[in-house]
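With chain A fixed as given, assemble chain B onto it according to the hints.
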Amino acid sequence: MTLTRRQFAVGAAAGGGLLVAWYLWPRSYPSPLSPGPGEHVFGGWLTIARDGVVTVAVPQLEMGQGVNSLLAQVAAVELGADWRQIAVEPAPPSGIYGNLPLAAKWAGLWSSVPSLADEADDRLTENFARGEMFAATADGTALEAFELPIRNAAAAARTMLAMAAAERWDIDFEECEVADGFVTYGDERLSFGALVEDAASYDPPDPPPLRPQAASEGPIAGEAEAQTAFPRLDLPAKVDGSFLFACDIRLPGLVYASIRHGPLGQPELSRFDADAVKGMRGVVGVVRSKRYLAAVAESWWTAEQALKAMRPVFRGPPGFDSAAIEPALEAAFDTVEPEAIVSYGDPGELLAAPSHTSRYMIAPAVHASIETASATARFADGRLELWIAAQAPELTRRAAAKAIGIGARDVVLYPTAAGGSFDARLERLHAIEVAQIAQQIGRPVQLTWPRVQEFQSLPPRTPVLAELAAAFTPGTGGQIAAWRTRLAMPATTREFGARLFDNATPESAIANAAGQADPLACEGAVPPYAIANIAVEHLPVTLDLPTGRLRGNSAAYTAFCTESFLDELAEKAGQDPFLYRMALLGQAPRMADVLRRATRIGGWDGGRRGSSQGLAMVRMGSADGGGRIACVAEAALGAGGVQVTRLSAAVDIGRIVNIDLARQQIEGGLIFGLSQATGSSAAFKDGKPVPRSLRGLSLPVLADCPEVIVDFVASEAAPFDPGELGVAVAAPAIANALYSATGRRFRRLPLLSERQ
Amino acid sequence: MTSMTVNGRAVRFAMDPETPLLWALRDAANLTGTKYGCGEGDCGACMVHVDGEALRSCLITIAEAEGRLITTIEGLSRDRSHPVQQAMVAEQAIQCGFCTPGIVMAAAALLAKTPSPGEEEIKAAIPNLCRCGVYPRLVSAIERAGRVTQRSDTISAAPAPGISAEDAAREVPALSVPDAPE
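In order, the protein sequences belong to chains A and B. Residue numbers for the first sequence, in UniProt numbering: 1 to 756. Residue numbers for the second sequence, in UniProt numbering: 1 to 182.
Please keep in mind that the hints were generated in silico from the structure rather than gathered at the bench. One should not assume that every hint holds.
If we take Cβ atoms under 7 angstroms as the criterion, some of the chain A residues that face chain B in the derived model are [claimed, not checked]:
id, residue
1, 84
2, 181
3, 243
4, 300
5, 419
We put the beta carbon where it would ideally sit given N, CA and C, even for glycine.
This is chain B alone, in the form it adopts within the complex:
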């Protein structure tokens, strides 16, 4: 049994200790936001935080992750409120979205240490492959997220999940609460 903390919860994986963390997260914990793209550390789609460091979860076994604090894209924020998430949506720096969680995790780890990174620091911190080609928007998105982190900018581009029909109806005149009396 291999124990660790995943998104704030204690987890024990009843799996081969040599199992890469990626597959424990995806197939046992059903945290499918962490993606498989290569299994060899080339693409970065499986990036998670291990004790605050951005690491490729395909390259670390659950034995090596024993006792560590793991954060996946699902645990980065409860409501898409992380500045990187907001900035990625605001700048539409997302296309197919398959590489997005890994990029968000890499950028979030960067900002946690360096809230106001320069262009070269950003480029060095994001080794992820994106084949749709969102690169031209990434630097400005991460810079913008940095400004939000430092509270010199605000973004509300991505709504929180699970908005109630009542809240939606308050916000959008064209919507009403289902089956409310006319």
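The shape of chain A in the complex, shown without the other chains:
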């Protein structure tokens, strides 16, 4: 994206405020905001009202990661606002908010010629992301996609305010300063609110002058508990119950729906006892579809009782049994031709007789967000209103529209925040269902999936059987000459893409993806070490288990395999796992730095047998940009299973925009990774989930929470999203700690799981 292609659009907002938006020449997009009387709205990133309130439009889903506060901070700093005058609103669908980096990364999922759309500045990428209003929230792209556009808009607004003030003071606008919500010159000062009407009539320079420094906060040693300068905006409402999720919307005449889907492998509704609910108090109606049965009632609990009474039966072959997974993945090593994903040097020759080989089995993993899939819908006069937490809002809107035979323009999607998501809300089956139910019942409806349906019908993260092999350079005492990672698993990202972009059913998405190489599913499999000969191969396997995205994604399993295997190689070489890694990081100073820091704060003692310490590190993203984390875990096996007492992590995410949000993401990521080490796995018997409750997942509670120490590196490098680093590093660090504690190598995730 180049500056010269931009044009500015400015308009007066309702009540005499200022509205600033970027437009991309030559294309213009429908206005995302509804104009009021006498209002000239062009769309926008931010509005400034006469009372001084600055409202930032955020085109990303808030799911706990703090993106509302993060992007608002970007605007506030560039503008020179007081944090207390900042408000946020969810941005409606518009081409303005196209997520170009994500569109480029996922080009293989939506484009028939992905090679022409795998860069954010490819014309095809831009046409897609803007034309299709693709503003999805995923893969840590929020800052990469939106920081610069928001800074540009805020810089333009700041310049216009300065121009208005300069006119009054009869000076050049460049002489003004803008800070804390005021434009100042010497002793003169005017608030944004006092200037905003005049400001709207100025044309700012194109491009507008950005401040030399982007928003950033430095890590301060020993001040982990210091007050942040930019506290999250959403906390007051979240702490008193007034924050509204999709399941908290209340509308006149609202009724409540629950649902049953078929077991895996038996998707079609066969029969149910409709008479069982005749005359049942509080039941409003029953909606049957080819693929579900829903009951609608005056309370959600009554809807549940109605479904229990109707005993729906679904038809099809015997339901999916997860005991079939591991044999199918094992067989792939004999029957499936490996697809080369990455190859450096000549690994094949060197690995003809590997020095060491290991296999790792990773079970499907569930999201288990505390909020289950829920949505509220009102259908009237041919139009649908939809309250929903959607990571891909426009695709969700279109899917809902198609499901009830109306145009996407007749669907209004009100974005609500997600009660956790962990990528679950990239799926939007519940949007389709609530639209159909609202249309058929003729009253506003709120659909909430019961917990067990979330386990059954939300595709888990894929299972993986990985085989890693390495060859040492003879006579070097363990120097790695060649490394190969083979991943037997479904083409899970392609399958997800078919559901998301092509509206495919889970079964047809599996068929669509069958046998294809899936580079995104292998992302992170290249070890971040100096090894001259590397091969990463995918063995595509077709399972009757739909699979999808989950926080950590491929990095969660590739890092587990890579870092466990590296520990095995260090053992084989008779070296300290820390020093063994350091020797491989000569060309990677940022990696070496986080590793050293982690061992320092974690009190690394050499990882000798009985120490209960384990080490792991991960790099995500590109080698020159990207993010890095290293972690020392302390863990042991006790009566209650794996007991993790301490996680000490050093993190380099480049420039840190908001230090406490970053800390939250690393802490939370480590805990999410811990939960994958101890549990979170999904099994199925007769197509039904086992376990059927949260209790069976061995999720950590407060009492299981280790001491968590996080240390950030100060850096001016490009910012990297901290959301998944902790997830990826925790499980291998814990597995390696268990090895030093017990002498036993745990090569399965969850760590203590057995073959089914």
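Just chain B now, kept in the frame of chain A:
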């Protein structure tokens, strides 16, 4: 008809007496701060106070709640002033916020009985599941709330809801009262 006191007000629910309290609160009383996460007592998102005890409202029917005093997150304080609420905001021990009301109610019940709880008491009193991972901040947040309860600390992290434009303008120089003359 099932009668009880909810947040200080007498309430009668015209619902099946077997209805779990959770759904009477959410769907009939529109007190949606109490969340559904599992309906089986596993997650704690539906924690409320019943006669001062922290209980999972999905596990108690409205028949069982007959005649009891129920407090939900909406009734814990009128203005977010409860020390646990203030401490949770001050320590940013909140991410997505879905489990937050349940955690706040569990912690508030603990402090009502044990104003200065030790780490182990806190861990035992908070069985709630949080998937975003705020656990590393919870113990210190609840300890801090305990200090506020005992008046050895003060926090003003979460402003009261419904601040008037006049009050906001007095507090924040960059704000003014809408449409006030220049």
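Here's how the hints hold up against the structure:
1. 84: holds (5 angstroms)
2. 181: Where the cut-off is 7 angstroms and the nearest Cβ of chain B is about 2 angstroms from residue 181 of chain A, the hint holds.
3. 243: Holds, about 6 angstroms.
4. 300: holds (6 angstroms)
5. 419: holds (3 angstroms)
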